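If you're matching them up, the sequences are chains E and C in order.
Following the working numbering, the numbering of the first sequence begins with 95 at its first residue and continues without gaps.
Following the working numbering, the numbering of the second sequence begins with 8 at its first residue and continues without gaps.
For the record, the hints were derived by calculation from the structure and aren't laboratory data.
Please read these numbers as outputs of a predicted model, since none were measured by experiment.
The C-beta atom is built at its ideal place from N, Cα and C for all residues, glycine as well.
Where hints are given, some of them may not hold.
[To be verified] Only pairs whose alpha carbons sit at most 27 Å apart, straight line, appear in this in silico DSSO-like list of lysine-lysine: (1) C:K322 / E:K391; (2) C:K322 / E:K392; (3) C:K203 / E:K251; (4) C:K140 / E:K217; (5) C:K140 / E:K251; (6) E:K337 / E:K290; (7) E:K375 / C:K49; (8) E:K251 / C:K309; (9) E:K251 / C:K296; (10) C:K35 / E:K391; (11) E:K251 / C:K247; (12) C:K203 / E:K337; (13) E:K367 / C:K140.
[Claimed, not checked] Restraint-style ranges between C-beta atoms, simulated for each label pair: (14) C:Y287 / E:S200: 20 to 30 Å; (15) C:P383 / E:G355: 57 to 67 Å; (16) E:K337 / C:R308: 42 to 52 Å; (17) E:D363 / C:G62: 36 to 46 Å.
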Amino acid sequence: MIFSKLDAATYPFISLASRLVKELEESLGLNAILSPDSEVLRRSVERIREAVYSRATSVYKRDLEVEVLSHPVALILIKHMNNKRLVNVYAEAEKNRVLANLLKESQEKLATLAIDGFNWHVKREGDFLFVRFDDYLKTSVNMLDAYWKLVNRRLVKGYVELSRRDFSRLLAEAYRTRILEKVNQVEDVQVPSTLKSVIEELEREFQGVLPKVDVSATYVGEYVPSAFPACILKLLEEAEQGKNLSHMARFTLATFLLSIGKTPEELLDLFRKMPDFDESKTLYHLRHIAGEIGSRKKYTPPSCATLRTFGLCVANDELCQKVKHPLTYYSKKLKSLKRGELGKRAK
Amino acid sequence: MGKELNNEGFVKKMFKKYYAEWEGEPPKDFNRREFAFVISRKGEMIRHKAFEEWGEVREFLRKNSPLHVYYSSAYYAQPSASDMDAKEWMGADLIFDIDVDHIYTPCKERHDRWTCLDCNTSGRGMPPEACPKCSSKRVEVKTWFCEGCLEVAKEETTKLVEDFLIQDFNFSPREISIVFSGRRGFHVHVESDVVKELDQRARREIVDYVRGTGLVVQNGKRRVLAPPLNAGGWPGRLAKGVYELLNAGDIEGLLNLRRGSKVEEVLKAIVKGLEESRDYWPLEGLARKIWFKAVEKVIVRKRCEVDERVTTDIKRLIRMPGTLHGGTGLIAAKVHLKDLESFDPYVHAVAFVKGEIKVKVLNMPEITFLNQTWGPYNDEVVELPIGLAVYLICSENAIVVGEGDENA
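Generate the whole structure from the sequences, applying the supplied hints.
Printed below as a string of structure tokens:
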């Protein structure tokens with residue numbers, strides 16, 4: 095199967111797209127592409143705006159070469175804006191656009207796109223597509239729903255059986271992940287000064303729409319147990335009852351509370367009721383994981399996936415389905431609690 | 008001669024003998040791996056060793072006759088760097104650990120004991136996480152590896168290798184090695200480029216798969232969708248498992264159902280449905296209830312009890328196949344899948360087969376060693392085959408009383 099320019103514009107992850115970008119960059123020159131009045135720059139900015147305002151980008155079919163170039167240029171702009179939320183929003187929007195297109199493709203085309211773009215090992219049989227499990231896992235680990243856990247898939251002779259729809263979703267997710275990697279990778283190309291004004295303008299524009307959030311700052315120093323995820327609440331309760339917690343349970347509880355601003359000394363009392371409490375040892379461990387002594391590495395709580403593996407996950411409110419990490423849960427819950435309070439006051 | 012030797016000296020001498028002739032089999036890309044050794048009981052672990060030539064490994068073992076020999080499951084650009092980041096991780100084997108320590112076996116009630124070092128409370132069977140009387144975590148255990156334990160370990164290993172690694176994951180038997188751990192279980196090494204570069208998260212998915220963790224049984228409000236027998240992966244495993252279960256006797260007892268014509272009828276309908284369905288098919292009412300009960304039993308039966316920490320650790324140190332376990336004096340012997348069923352560690356993993364020696368046995372249940380039955384012994388001096396003596400001394404169940412004729 096031979097890809098067209100339209101394919102390269104629609105699916106920026108295929109090899110033809112990167113080849114075209116390289117060729118065009120050579121023939122046109124980077125300066126021309128990034129000049130203030132260039133069509134590519136205009137389209138790149140538009141592409142970012144589409145992502146921010148409608149959460150899905152479009153494909154600009156009038157000039158496919160412009161379209162092909164606009165994606166990498168958009169990534170350069172985004173990289174320079176240094177706003178983590180913008181990166182996520184753009185990647186998500188691109189994923190949505192690609193997914194909508196993938197859903198219309200034939201089984202054969204889907205397979206070809208995955209092989210060309212991501213080197214997946216793909217087989218086709220009947221109505222199904224099969225992806226080798228290692229290729230599957232590299233992407234599926236980013237997907238939250240239990241539906242995507244390997245244990246819940248049909249694994250046959252090393253290949254995961256997927257419907258066309260699920261295959262498309264996996265492929266779109268692989269593309270999203272690649273965008274995030276790319277933004278982190280894009281080297282600091284010296285951008286022409288003319289580009290700086292475009293970047294500054296966009297930054298001002300997005301200030302109200304996509305406020306920069308420093309996740310750690312949203313909850314530091316705020317101890318609001320009603321916003322704790324259920325797993326942490328349960329551990330907290332057990333610790334207060336003096337139950338003998340496992341190593342992993344203690345580590346989880348301690349790292350969580352340290353992350354939200356408790357000090358090792360403050361946590362001592364919590365562990366005092368443990369049957370094997372030893373003040374100096376406990377303080378030593380707490381200070382160690384707080385990064386105050388030893389390797390100076392500040393430990394963060396384990397992710398939801400790890401908690402599940404160790405049987406510490408007690409999930410199940412709706413928010414749990416949307417997050418991968420107990421700290422994200424806390425920050426989101428805290429925010430929604432505050433919003434609720436403000437709402438009440440306004441009434 | 009009759010020269011007095013202490014336990015450690017005796018063990019050291021025996022290990023030296025073993026490694027004098029030792030050839031070993033180099034693991035894949037051994038020069039990219041970190042090696043680690045425990046030389047003496049009180050000594051610390053020597054880490055971050057790397058070897059360019061296999062002869063150097065043999066030389067090291069000959070010289071030092073270590074109690075424990077490990078290598079990294081990981082491949083590094085700089086295996087001898089002492090800083091883990093400076094080692095530059097390049098990939099790792101996929102490792103599984105099946106250890107009877109972590110699996111309940113009923114025979115433990117007979118042969119395992121634990122004692123609290125603080126209040127002296129003791130009991131039999133699996134040790135508690137903390138002493139039930141004084142909550143101390145300083146619980147000492149005395150464990151044995153009997154035929155019952157061995158059977159369980161073999162069963163789990165067979166399940167892992169045949170049902171999961173070969174059937175579902177499609178690893179070739181050539182990429183899989185089964186190794187007796189040297190004590191109470193088996194290690195399974197998978198050396199394959201397919202998994203070499205997988206990160207911790209991907210490996211966690213693999214271990215969750217093998218353990219059946221996070222398995223969701225498709226369930227609607229009123230009906231459940233049962234998978235067909237020929238489905239791949241866990242769905243097919245569940246369907247087949249339920250089919251086997253329902254075809255075995257005393258289903259009502261096993262699933263705790265009330266006997267009756269209604270139940271009979273539904274059981275028959277499920278069996279028939281499984282035999283005929285080619286796709287997912289719905290079960291409602293009592294059939295749905297029975298399905299759930301059966302599936303619960305099937306998961307426990309079909310899942311494989313591996314230690315998730317070992318598999319998810321991409322920089323694990325693991326005992327080197329072919330070397331001795333310092334806690335038993337047995338060889339961490341490679342076992343072919345076809346020989347697993349007949350594998351007997353007290354025959355096939357014995358390093359010292361010639362000679363007898365007198366030792367004072369502190370405590371030992373009946374053990375069949377090299378096809379001969381010994382014991383039980385309690386605080387008595389007996390003459391034993393040297394391999395069994397080494398085993399008891401290494402596991403601190405016996406002490407040397409005099410030199411035997413093993414030099415004869």
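Straight-line Cα separation of K375 of chain E and K49 of chain C no greater than 27 Å? holds, 23 Å
Falls inside 20 to 30 Å, the C-beta gap from Y287 of chain C to S200 of chain E? holds, 25 Å
Proposed proximity, K391 of chain E with K322 of chain C (alpha carbon, max 27 Å): Given that 27 Å is the threshold and the Cα spacing comes to 18 Å, the pair holds.
Has the given pair, K251 of chain E with K247 of chain C, been kept, meaning a C-alpha gap of at most 27 Å? holds, 17 Å
Between K140 of chain C and K251 of chain E, is the straight-line Cα distance small enough, at 27 Å or below? Status violated; Cα separation ~51 Å.
Satisfaction of the hinted span 42 to 52 Å by the C-beta atoms belonging to K337 of chain E and R308 of chain C: violated, 31 Å
Holds or violated: K367 of chain E with K140 of chain C, Cα cutoff 27 Å? holds, 16 Å
Is K140 of chain C within 27 Å of K217 of chain E, Cα to Cα? Judged against 27 Å, a Cα distance of about 59 Å means the pair is violated.
For the pair supplied as a hint, K322 of chain C and K392 of chain E, is the alpha-carbon distance within the 27 Å limit? holds, 20 Å
Compare the distance between the alpha carbons of K35 of chain C and K391 of chain E with 27 Å, and conclude whether the hinted pair is satisfied. Measuring from Cα to Cα gives roughly 33 Å; hence the hint is violated.
Does K290 of chain E lie within 27 Å of K337 of chain E when you go C-alpha to C-alpha? Roughly 58 Å between the alpha carbons, so the hint for K337 of chain E and K290 of chain E is violated.
Starting from the range 36 to 46 Å, see whether the pair D363 of chain E and G62 of chain C falls in it by beta-carbon distance. violated, 58 Å
Checked against the numbered hints given earlier, the structure breaks hints 4, 5, 6, 9, 10, 12, 16, 17 and satisfies all the rest.
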